[in-house]
Amino acid sequence: MSLNMLGQIAALFGKLSLLAVGGANSTVPEIARITVGEKHWLTASQFSQFYAIANAAPGPNVMIVTMLGAHVAGIAGGLVATAAMVLPAGIAAAIVACQFNKHREARWRHVAQASLLPITAGLVLAAACVLARQSDTGWLTAALTLLTALCTWRTRLHPLWLLGAGALAGILFL
Amino acid sequence: MPPRLTRTQLFTGFFQAGIMGFGGVLPIIRRLMVDEKCWLTQMEFNELFSLCQSLPGANVVNLSFAFGAREAGITGAAAAALGLLCAPVCIVLGLAWLYGQYGALPTVRHALLGLAATAAGLALGSGLRIAVPILTLPRNVLLAVAVYGLAFGLHLSLPLIVLLALPVSLLLAWRAAP
Numbered sequence: 001m002s003l004n005m006l007g008q009i010a011a012l013f014g015k016l017s018l019l020a021v022g023g024a025n026s027t028v029p030e031i032a033r034i035t036v037g038e039k040h041w042l043t044a045s046q047f048s049q050f051y052a053i054a055n056a057a058p059g060p061n062v063m064i065v066t067m068l069g070a071h072v073a074g075i076a077g078g079l080v081a082t083a084a085m086v087l088p089a090g091i092a093a094a095i096v097a098c099q100f101n102k103h104r105e106a107r108w109r110h111v112a113q114a115s116l117l118p119i120t121a122g123l124v125l126a127a128a129c130v131l132a133r134q135s136d137t138g139w140l141t142a143a144l145t146l147l148t149a150l151c152t153w154r155t156r157l158h159p160l161w162l163l164g165a166g167a168l169a170g171i172l173f174l
Numbered sequence: 175m176p177p178r179l180t181r182t183q184l185f186t187g188f189f190q191a192g193i194m195g196f197g198g199v200l201p202i203i204r205r206l207m208v209d210e211k212c213w214l215t216q217m218e219f220n221e222l223f224s225l226c227q228s229l230p231g232a233n234v235v236n237l238s239f240a241f242g243a244r245e246a247g248i249t250g251a252a253a254a255a256l257g258l259l260c261a262p263v264c265i266v267l268g269l270a271w272l273y274g275q276y277g278a279l280p281t282v283r284h285a286l287l288g289l290a291a292t293a294a295g296l297a298l299g300s301g302l303r304i305a306v307p308i309l310t311l312p313r314n315v316l317l318a319v320a321v322y323g324l325a326f327g328l329h330l331s332l333p334l335i336v337l338l339a340l341p342v343s344l345l346l347a348w349r350a351a352p
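Sequence order for the protein chains is L and U. Under this note's numbering, read the first sequence as residues 1 to 174, first letter to last. Under this note's numbering, read the second sequence as residues 175 to 352, first letter to last.
Don't take each hint at face value.
[Unchecked claim] One-sided excerpt, in silico: chain L residues whose CB lies under 10 Å from chain U:
(1) P29
(2) K39
(3) M63
(4) A132
Just so you know, the hints here were simulated from the structure itself, not pulled from any lab data. Positions of the beta carbon are idealized from the N, C-alpha and C atoms, including for glycine.
Can you make the complete structure from the sequences, with help from the hints?
Laid out in structure tokens, this is it:
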């Protein structure tokens with residue numbers, strides 16, 4: 001049972017690792033679709049809370065995967081999920097970086113980046129909308145989301161201040 | 175090329191970046207590698223980071239693999255990536271345990287609801303930061319809107335979306351490239 005679960009976690013995130021176009025956030029809609037919609041490992045509200053906790057913790061934003069793995073299968077689940085998400089892409093990056101050092105070729109990288117950017121943009125905006133739909137249950141939460149988005153987009157305010165204010169607003173008004 | 179780094183240096187350097195990286199590791203890791211330790215010049219850093227961005231996966235984690243591998247081979251990549259990830263992973267595992275224990279308490283639950291709405295806003299804000307500057311080109315608008323619709327509206331799977339959008343995007347970018 002538990003081993004089967006670890007296998008499922010490894011298969012899911014191992015596949016997503018090489019599909020994380022332009023960063024881990026691009027995979028958020030897909031992770032939500034599978035873990036909440038198909039496998040029912042957690043509720044939509046829990047998913048958005050896990051994303052939030054992973055963002056409030058130090059470290060890169062792949063930590064959402066650690067949080068999910070730990071929720072489903074404990075410490076082993078968290079470790080397996082992280083390794084599965086990080087290793088395939090990381091190994092690919094290491095190989096390319098070592099090859100790239102030998103013969104610098106700018107054109108393919110320029111093309112790759114230019115072609116990935118619009119896909120990344122579409123996916124991260126979809127990720128934001130998935131998270132907003134999961135967490136915005138009323139006008140107050142919707143207002144929190146919009147206000148935070150505006151601050152993040154337009155100011156250089158540190159995310160921890162925003163998250164702290166959001167949590168406080170939750171305690172006081174929700 | 176500067177002298178090669180040891181695995182211990184790689185591990186401790188990336189460990190510092192991982193544990194201090196609240197709300198995005200990138201600025202921290204740039205300051206550490208370029209300003210403090212002088213492992214790379216700003217230009218070398220930009221080049222390596224843009225390489226990692228044009229590959230799949232979490233950008234900063236990819237950076238640790240790529241830089242570690244260049245400096246000290248396979249074990250260097252392992253040292254850098256483990257350094258970056260071990261503290262955050264332990265902290266998140268602790269938070270997941272706390273969530274299981276106390277997540278249902280009323281005060282905690284309300285704080286988490288507010289936190290979740292705020293984090294969705296963070297995602298939206300950083301999404302806009304990525305999207306708005308590139309939406310000056312019509313082909314980018316078209317592709318971004320199509321991908322958004324496929325993912326959020328039609329709930330297509332990510333492999334399918336990439337399979338549909340990437341060839342088109344590659345072709346357009348290839349033809350537009352100088």
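Right, here's what the structure says about each hint:
1. P29: holds, 5 Å
2. K39: violated, 14 Å
3. M63: holds, 5 Å
4. A132: At about 4 Å, which falls below the 10 Å cut-off, the nearest Cβ of chain U leaves the hint on A132/L intact, so it holds.
Checked against the numbered hints listed earlier, the structure breaks hint 2 alone; every other hint is satisfied.
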